[in-house]
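The listed protein sequences correspond, in order, to chains U and C. Counting from 1, position 69 in the first sequence corresponds to residue 69 in my numbering; the numbering is continuous, with no gaps. Counting from 1, position 77 in the second sequence corresponds to residue 77 in my numbering; the numbering is continuous, with no gaps.
A hint or two may mislead.
Stated by the list, open to error - Lysine-lysine pairs mimicking DSS-like chemistry, simulated, CA-CA at most 27 Å apart:
1. U:103 / C:57
2. U:70 / C:11
3. C:11 / U:51
What the hints assert, rightly or not - Which bits of chain C does chain U cover? Going by a derived footprint, with three or more residues having C-beta under 8 Å, they are:
4. 45–58
5. 101–111
These aren't lab readings, by the way, just hints derived from the structure by calculation. C-beta atoms are modelled at their ideal positions from N, C-alpha and C, and glycine is treated no differently.
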Amino acid sequence: GQQVMQIPQYQHVQEGEDFTTYCNSSTTLSNIQWYKQRPGGHPVFLIQLVKSGEVKKQKRLTFQFGEAKKNSSLHITATQTTDVGTYFCAGNGGSQGNLIFGKGTKLSVKP
Amino acid sequence: GAGVSQSPSNKVTEKGKDVELRCDPISGHTALYWYRQSLGQGLEFLIYFQGNSAPDKSGLPSDRFSAERTGGSVSTLTIQRTQQEDSAVYLCASSFGTILREQYFGPGTRLTVT
């Protein structure tokens with residue numbers, strides 16, 4: 001079945017350093033969504049990418065969708081302690097209504 | 001406006017007992033999802049409802065798990081004869097539409113089976 005792999009599983013950075021998490025699908029995706037889950041909280045939607053090669057920015061966050069629509073990345077510039085949490089990608093293969101979530105990348109930021 | 005609500009927030013039950021978890025989606029949202037998240041793990045898809053269509057049950061781990069959605073709104077996830085491995089946080093999400101819509105998650109129900 002469709003799988004969405006996410007790396008790394010954990011990332012520890014010093015405040016001010018950059019951070020990137022990568023998401024890879026075994027199949028072509030119709031869209032990919034990114035969510036953030038703060039410690040003790042629930043996932044919160046960040047963004048959706050639909051088009052091949054799409055790049056979207058939200059302040060210090062940059063999201064990319066690969067040309068083949070099988071991979072995506074989230075890059076955070078100059079991390080802050082408020083960025084702490086687990087970042088999940090979730091993709092849809094197009095034929096079903098459910099999203100397949102990656103296992104997430106847990107980001108910790110040392111002040 | 002009101003977000004997705006779930007009840008109870010915490011549930012402790014003995015092995016072998018049945019439990020019911022409730023989800024109230026955002027009003028007007030046609031799609032409703034159930035996920036399971038074990039400690040420190042990702043989200044495991046369980047079941048998906050969209051409007052009046054037959055639910056997608058492909059993620060249910062065993063026949064002890066079932067869910068229904070009444071009147072296109074409130075949903076109940078039932079776990080029969082609970083096992084210790086069922087211990088997890090059960091998250092509900094809703095969206096207005098289907099695959100191209102963002103999902104709004106509830107706070108979850110933490111289930112502990114002793």
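Within 8 Å of chain U's CB atoms, at least three CB atoms from the stretch 101–111 of chain C: coverage verdict = holds (count 7)
27 Å Cα cutoff - pair residue 70 (chain U), residue 11 (chain C) | Cα-Cα ~39 Å, so violated.
Assess, step by step, whether the Cα of residue 11 (chain C) is no farther than 27 Å from the Cα of residue 51 (chain U), and give holds or violated.
-> violated, 42 Å
When you check the alpha-carbon spacing of residue 103 (chain U) and residue 57 (chain C), does it fall within 27 Å?
-> Answer holds: residue 103 (chain U) to residue 57 (chain C) is near 21 Å, not above 27 Å.
Counting residues of the stretch 45–58 of chain C that have a beta-carbon nearer than 8 Å to any beta-carbon of chain U, does the count reach 3?
-> holds (count 5)
Hint check: violations occur at hints 2 and 3; the rest are consistent with the structure.
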